[in-house]
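First residue of the sequence shown? That's 154 in my numbering, and the numbers climb one at a time after it.
Hints in this document: simulated from the structure, not taken from any laboratory. Treat the hints with care, since some could be wrong.
As the list claims (entries may be wrong) - Label-pair distances were calculated between CB atoms; the ranges are: (1) Arg169 <-> Ser252: 18 to 24 Å; (2) Leu235 <-> Arg169: 15 to 21 Å; (3) Gly255 <-> Glu156: 30 to 36 Å; (4) Thr231 <-> Glu190: 20 to 26 Å; (5) Glu216 <-> Glu190: 23 to 29 Å; (6) Leu235 <-> Thr157: 43 to 49 Å; (7) Cys273 <-> Pro184: 23 to 29 Å; (8) His165 <-> Ser236: 23 to 29 Å; (9) Ser237 <-> Phe198: 26 to 32 Å; (10) Arg170 <-> Ser237: 33 to 39 Å; (11) Ser259 <-> Thr186: 17 to 23 Å; (12) His168 <-> Asp239: 22 to 28 Å; (13) Asp239 <-> Met154: 16 to 22 Å.
All residues carry an ideal CB built from backbone N, CA and C; glycine is no exception.
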Amino acid sequence: MFETIRWRCYAHVAHRRGAERVVGRIGELLPHTIEIESYERYWKFPELAELQFLSPLRRSAPEDALLTTLQWAWRVATPWTLSSQDLGVRHEFTGIASSNVGASFSVAGIEWMEFTITDCQEIPLRIGRADTHK
Numbered sequence: 154m155f156e157t158i159r160w161r162c163y164a165h166v167a168h169r170r171g172a173e174r175v176v177g178r179i180g181e182l183l184p185h186t187i188e189i190e191s192y193e194r195y196w197k198f199p200e201l202a203e204l205q206f207l208s209p210l211r212r213s214a215p216e217d218a219l220l221t222t223l224q225w226a227w228r229v230a231t232p233w234t235l236s237s238q239d240l241g242v243r244h245e246f247t248g249i250a251s252s253n254v255g256a257s258f259s260v261a262g263i264e265w266m267e268f269t270i271t272d273c274q275e276i277p278l279r280i281g282r283a284d285t286h287k
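Model the full assembly from the supplied sequences, consistent with the hints where possible.
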């Protein structure tokens with residue numbers, strides 16, 4: 154089941170409040186709520202911030218999940234470059250829109266954006282190092 158769309162974008166924002174405004178404007182274009190996962194300055198270009206956020210998808214068939222995601226993504230930017238990974242019986246799709254290759258964004262300030270959907274069970278990231286004593 155494709156439960157979630159993971160979004161990531163680089164945007165010209167000065168602080169977290171600006172990032173929240175960008176994500177809020179994206180949320181106005183989508184038919185569901187968005188949850189900010191992280192915000193940080195982009196190390197390579199400090200004038201940009203990297204924003205990561207999630208939105209619900211709740212689709213079971215891969216073709217329905219991809220079509221729905223693209224319909225929503227096209228509200229935010231066009232065009233998108235698509236790729237997929239062959240994970241056997243599992244599916245993962247990624248889309249990228251970038252202003253430096255001609256993408257146009259509906260929300261001002263976005264330079265680059267990516268979505269990822271997968272039907273693989275997502276495992277939370279572990280922070281810190283593994284416990285190594287016996």
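Find the hints from earlier in the document that the structure breaks and name them by number, from lowest to highest. Violated hints: 2, 6, 12; rest satisfied.
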